Every structure is written in structure tokens, then in C-alpha cells.
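Assemble the complex: chain A is given as a structure, and chain B must be docked to it using the hints.
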Amino acid sequence: MNTHDPDHDDLPGDDELKALYRSLPRKEPSPALDAAIKRTAADAVRAQRQPKIMRWPVAVASCAVIVVAAGLGWRMMQQPSSVPQIPSSGAVVMSRAPSNEPAAPASAPSTVVADSPVAAPVTAAPAARMAATVRPKQESIRSAMKPKLVAPTVATEQPPAAATEPAPMVALQEDRAADMSAAAPVAESTEAAYARAPAAPPATIAGNLEQRPMAAMKTMAMPAPMPALGDTAARPSDTPAQELAKIRLLFALQRHDEARQRLRAFQQAHPDVPLPDDLRAQLPDHE
Amino acid sequence: MDALVDDDATLMLAYARGEAAAFDALYARHRGVLYRFLLRAARDPQVAEELFQETWSRVIASRARYAPQAKFTTWLLQIAHNLLIDSYRRKRPMATGEEAERAFELTASPEHEQPEHVLSEFERRRRLQLAIEQLPDEQRTAVLLRLENDLSVEEIAEVTGVGRETAKSRLRYAMNRLREQLAE
Chain A
0 MNTHDPDHDD LPGDDELKAL YRSLPRKEPS PALDAAIKRT AADAVRAQRQ PKIMRWPVAV
60 ASCAVIVVAA GLGWRMMQQP SSVPQIPSSG AVVMSRAPSN EPAAPASAPS TVVADSPVAA
120 PVTAAPAARM AATVRPKQES IRSAMKPKLV APTVATEQPP AAATEPAPMV ALQEDRAADM
180 SAAAPVAEST EAAYARAPAA PPATIAGNLE QRPMAAMKTM AMPAPMPALG DTAARPSDTP
240 AQELAKIRLL FALQRHDEAR QRLRAFQQAH PDVPLPDDLR AQLPDHE
Chain B
0 MDALVDDDAT LMLAYARGEA AAFDALYARH RGVLYRFLLR AARDPQVAEE LFQETWSRVI
60 ASRARYAPQA KFTTWLLQIA HNLLIDSYRR KRPMATGEEA ERAFELTASP EHEQPEHVLS
120 EFERRRRLQL AIEQLPDEQR TAVLLRLEND LSVEEIAEVT GVGRETAKSR LRYAMNRLRE
180 QLAE
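If you're matching them up, the sequences are chains A and B in order.
Under numbering that gives the first Met the number 0, think of the first position of the first sequence as 0, with each following residue one higher.
Under numbering that gives the first Met the number 0, think of the first position of the second sequence as 0, with each following residue one higher.
Simulated from the structure, these hints should not be mistaken for lab results.
Careful: at least some of the hints might be erroneous.
Unchecked claim - Listed below are the simulated DSSO-like cross-link pairs for lysine-lysine, each with C-alpha atoms no more than 27 Å apart in a straight line:
(1) A:37 x A:26
(2) B:167 x A:17
(3) A:26 x B:90
As the list claims (entries may be wrong) - Covered by chain A, per the in silico footprint, the following chain B stretches (three or more residues, Cβ under 8 Å):
(4) 30-39
(5) 167-175
Note that the coordinates shown come from a computational prediction; the quantities given were computed from them, not determined experimentally.
C-beta: ideal position from N, C-alpha, C; glycine also.
For reference, chain A alone in the conformation it holds in the complex (with noise of 0.2 Å):
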């Protein structure tokens, strides 16, 4: 570090000076300072050398999440919905009307009051905001649980969607039976199913033809809507589904005659549609 001075002879008696300041002890940085100033300094290195060895194995798991979601994004898309489409109850009604209608009988409006649009004033006002505010959990919790298997055109169109509509004590009542005839779901035939589509909502029908079997499928996996108490007449619209729940209401009703008579007839209808055991039971043949 010694640098020749041309300011040398300008400053006298420097070289005294130099010679009594090097005899002054020369102290020294502790071990401890030099300890802690060395591994600032590697640990500066370290930390910049990290970021290159890191590097990689952040860019690979970015790729492979990328490559993951948009795997799934792919499968999601090309998936029908598990979750059904519930269309506006006014949609539902515009698509209902017509065909339920001619087969609602007037004398019984309780029971097909949730497919007219003329029974709505019959039910009371407060009965209706109930509903309003229990629907959308059952409606919730019931389409989690549904198969996957429904398409979304088909279950924009299925009858628990048209227990939107008016008569609330109704569709509580559907709800019930939902859940009972879920448990012991109706077992038929494609072809079947297909061929008493007709009876099903009309929506159904008009779905596409490569849907068909699914909607009949749909159909036949649906729950049966609960029939209003003391509504127990047989209808030809009535699905195997809503058939089997009349029935079982006349047993709760305890009019055993009729409901034995009603289920015979409904063994003769369907022959190909298996008894629940808990009605198979109640026929007096069965051992």
C-alpha cells in the first residue's frame, strides 16, 4: 500500500511519525468479527448460486401442474355435468303446460298442481315462501347425491325440476319420497323405459334421439315424486316410480285391500320391473 509521494519533503518529520506510529500496538479485528463478516460473505455467495440450483425444479413442477390442469380442464369439458341444470320454474311451466294439462283431471288438481299453472292460487301464501326456502337445500343436497350419469339436456327436464312450480306441501312431500325411492330405485329395461317415455315429461321427447336411452335411463333412476296425502289414484301418466309410492301410501293409509289389488295390477303392467322388497312383502303369495 506504500505509494511514492512527491509531497514527501513537504511534510517534515513524516518518517518519525511513521516509525512511532508502527511501534503503537496493532490491534486487531476478534476471531469472532472475522468470523461473522466471513460468513456474511459466503453466505452472499451461497444465496447466489441458490437460485440457479433451484431453478429447474420449479420450472418442471410449473409445467407439470400446467400439464395437470389442463388435463383435467380437457376431461372436465368433454364430461356431462354432474350436477343438473335446473331451468327457471317459468321455463319449466312453458314447457309442461301443454301436454300435462289434458291429463290433469280437474278433480284432482292436488296432485298435478305443481304441473299447472292454474292451481298456483290454491296453495297458501306462506306455505309457498317456506318452500321457497327449502328447496334450494333439498334440491342441493339431492343432486349431489344423484348418478352421474344424467345428461344435461335430460335434466333440465326431469319432473323434480317442475316441483318448482306452486304447491310447496307438495314438493316437500316429493322430496320425502325422493329420498325413500332412491333407496330401492326402479330396475327396467332401456327398451321399456323408452317405450313409456310418453308419459314422462314431454320435454323428454324432445330430446335427441342418441339420448333417448339415456333419458329412459334417467328416467327410470329418477325418485318418484311423493304423492299428495289422499291422492292415491292411479293415472296412466304415472311413472313405475310414482305407481309403486301411490301404493305404498295406501299401505301407510292402512287400505290394504286396494293396495294389494294396485300392486297386482302393477305386477301385470310391469312385469319386468321388479317389486321393492318392502312391497313384494306385503303380497299375500310371498313366502
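For chain B alone, coordinates are given in the frame of chain A:
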């Protein structure tokens, strides 16, 4: 000297590239000189240690920006000097350089207790230390850069950021004062 300068710059550039061993070599070369300069300039071991550590921290932090345009020693001492100035300012309000020098000229030298006493070597060293400590900050810095770091007037001017004549003036006043103290 030139080889040493080149070595310092080479070591610093190597450290900037990530070679920790280069820093260790550089540190071993300059640690003692820098520490003593700070210790005698700050006159407080604790402050000196803080400034010493901070100086090296700044060297480490600015390694990527280091360009060997000046001597590494000059660059290192510039960092230390700037920290020292900040430390002075935190301690007490400082007079400007010119005012301090004028005040130093007017201030009478303290009376020596025993002028006729033949000073022992130990006593001379003690007096030198006291005399250095009593110098105004700018003069003390200039004379330490001269005695401890062996810098030229131009280098002192570069490190302290003043003109050559100012540096030379400070150095001359400081050395005169030290000689007077030792002669008394």
C-alpha cells in the same frame, strides 16, 4: 504495489463471480489496516467494530457492481470513511472542515505537565495516541490515512472526497500538531 492492486481487483472480481475463498484472501489482506484505521479514527472500540463490519457488509453487497477503476484499497477506505463521517454526524454536530481547521489553529496547545521530562518510548507512544485522538475529525482521518494506510496526499484527497490542497493542508496541520505534542 501494482501487482498487489491487481491482485486485490482480481480477488474482488473472483468473489463477485461467487468464489468465497477469494473474499477470504482479500479480507485477510486488509482487515488489520482497516480495523486500526477505524479504531483510531472513531476512538471507540464498539463503534469501530460496527463500522468495520458495516464496511465489509457494503463490500459484499456491492460486489456485483464493483469495477476495478480505482485501487481496491481506495474504494474500501472510501466506504469506511463515509461510514465514519455518518458516525461523526450522529455523535455531535460537526463544524465544517474550514472552520475546524481555523479553530485548530487558534486553539493553544495544552500545557505539558513535565516539559523537562525525557520521555520514555512508552510515554511517546502514549502521547502520540492521545494527540491523534485530540485532533479534529478531518485532520485525524487524514493523518491516519497517511500513517496507518500509507496513502499519498492525492489518495487521501480521493478517499475523503476533498481537493488535493485541502487534504494536504489537513495533513500538514495534523502532523505539526502531533510533533508539537511529542516535543513538549
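The hints, checked one at a time:
no.: 1; hint: A:37 x A:26; in the structure: holds (19 Å)
no.: 2; hint: B:167 x A:17; in the structure: holds (17 Å)
no.: 3; hint: A:26 x B:90; in the structure: holds (24 Å)
no.: 4; hint: 30-39; in the structure: holds (count 6)
no.: 5; hint: 167-175; in the structure: holds (count 4)
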